[in-house]
Amino acid sequence: MSLYVMKFGGSSVGDTERMKRVAKRVVEKQSEGHQCVVVVSAMGDTTDELIDQAKLLNEQLPARELDMLMTTGEQISIALLSMAIQQLGHEAVSFTGWQAGFRTESEHGRARITDIQPQRVLDALSINKIVVVAGFQGMSAEGDITTLGRGGSDTTAVALAAAIQADACEIYTDVDGIYSTDPRIVKVARKLKEISYDEMLELANLGAAVLHPRAVEYAKHNRVPLIVRSSFNHNEGTVVKEDAVMEQGVVVSGIAYDKNVARISILGVVDTPGVLAKVFGTLAGAKIDVDIIVQSGVEAGKADFSFTVALTDREAALKTLEGIRTELPYREVTSEENLVKVSIVGAGMVSHPGVAAQMFAVLAEQGVSIKMVSTSEIKVSCVIEAGKLHGVIQALHTAYNLDTEEQAFVGGPQDRR
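If you use full-length UniProt numbering, the sequence shown corresponds to residues 1 to 417, in order.
The hints are simulated quantities; they were obtained by calculation from the structure and are not laboratory data.
Owing to the predicted nature of the structure, the values given are computational and were not obtained by experimental measurement.
Each hint should be verified, as a subset may be incorrect.
[Claimed, not checked] With a cut-off of at most 25 Å between alpha-carbon atoms, the simulated DSS-like pairs for lysine-lysine come out as follows:
| hint | residue 1 | residue 2 |
| --- | --- | --- |
| 1 | K191 | K302 |
| 2 | K287 | K55 |
| 3 | K259 | K302 |
| 4 | K187 | K24 |
| 5 | K220 | K191 |
Start from the sequences, fold in the hints, and give me the full structure.
Written as structure tokens, this is what we have:
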């Protein structure tokens, strides 16, 4: 008997008919002789609707109360799914995140898991019950309800799989595996049979939405096999594991993009030791993540440099920089939106020179100027204007021999967490 954690996102449980389909899928798994723990997100657009209602009452959205509100969406899902499973004649029990033993930091909105005490889950499994757990949530040491932030349900599933020593964690979504790029843009994208944790982590960090980076990190650290499958069919999915076999002749495994990008430039800063430490230390203190950093040179003792942040952090970053202007004088700060970061990823890149040059050539053929570049052993990222994104993705996909003759499967709207 194998133990599986099965995670279903918001689109998979978006209405009662889909909820019934998920219940049937879980019951099939148990009927095959397996133990099952199911992690679910809120139904469809429930979370967005709750936030919209909250904004009508308070535009500031107090963090603690927002967490209290948002976690109700998952609680609705777990109760309904447990009822649907019981209707099919199988025993099921639902647990909130804190009932399942998730303990977190106190920071609301993006708390990290500090400990999992899954005894109630294990006790229910021991008497052959299907356990249904609310994703995305936990409880702080102070007894406050917290949420895990974007991708929290993926993280819940992987962390729980590690804590109960599950044989695998299956992530069910609207696509039937991990593709070489977004199959909504490239219909002939290549479905990968397997991919390494490192490659998947790069793709996730660079914008591939099928798995969240924190979940992949957790899986890699705890050696939890991940399987990405579709909730809309029974097709074989993609396995994420430590060492994946690279397809012959394929150097680039995937192409990712991230529209949540803004570029900020600080111009005319006095070029003295500690300048970068001051700027980026202050941004880090404000919990603003910085991605690509480029210094464009020094003239008359003054330096200019640019960096990227999430578009959602742009205003906070500008406000933070204004706050240190008296300590660190500069001529001006500018920012740029309508950008996208396009990245190629592949473990084979390290031993194949010219991969980056080919990417630059493709972008040039598309008439696209490169604003910033970042590289590592297994990825190359370019920040470009967003207007030609689809054409760029399709051209890169063809250039790196990733096109197939088969049509990619996409079963429904994309899950948000």
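Verification of the hints:
1. K191 with K302: Between K191 and K302 the Cα gap is close to 49 Å, so the pair fails against 25 Å, i.e. violated.
2. K287 with K55: Answer holds: K287 to K55 is near 24 Å, not above 25 Å.
3. K259 with K302: Not OK: K259 and K302 at ~31 Å, beyond 25 Å, violated.
4. K187 with K24: violated, 29 Å
5. K220 with K191: At roughly 21 Å apart (the allowed maximum being 25 Å), K191 and K220 satisfy the hint.
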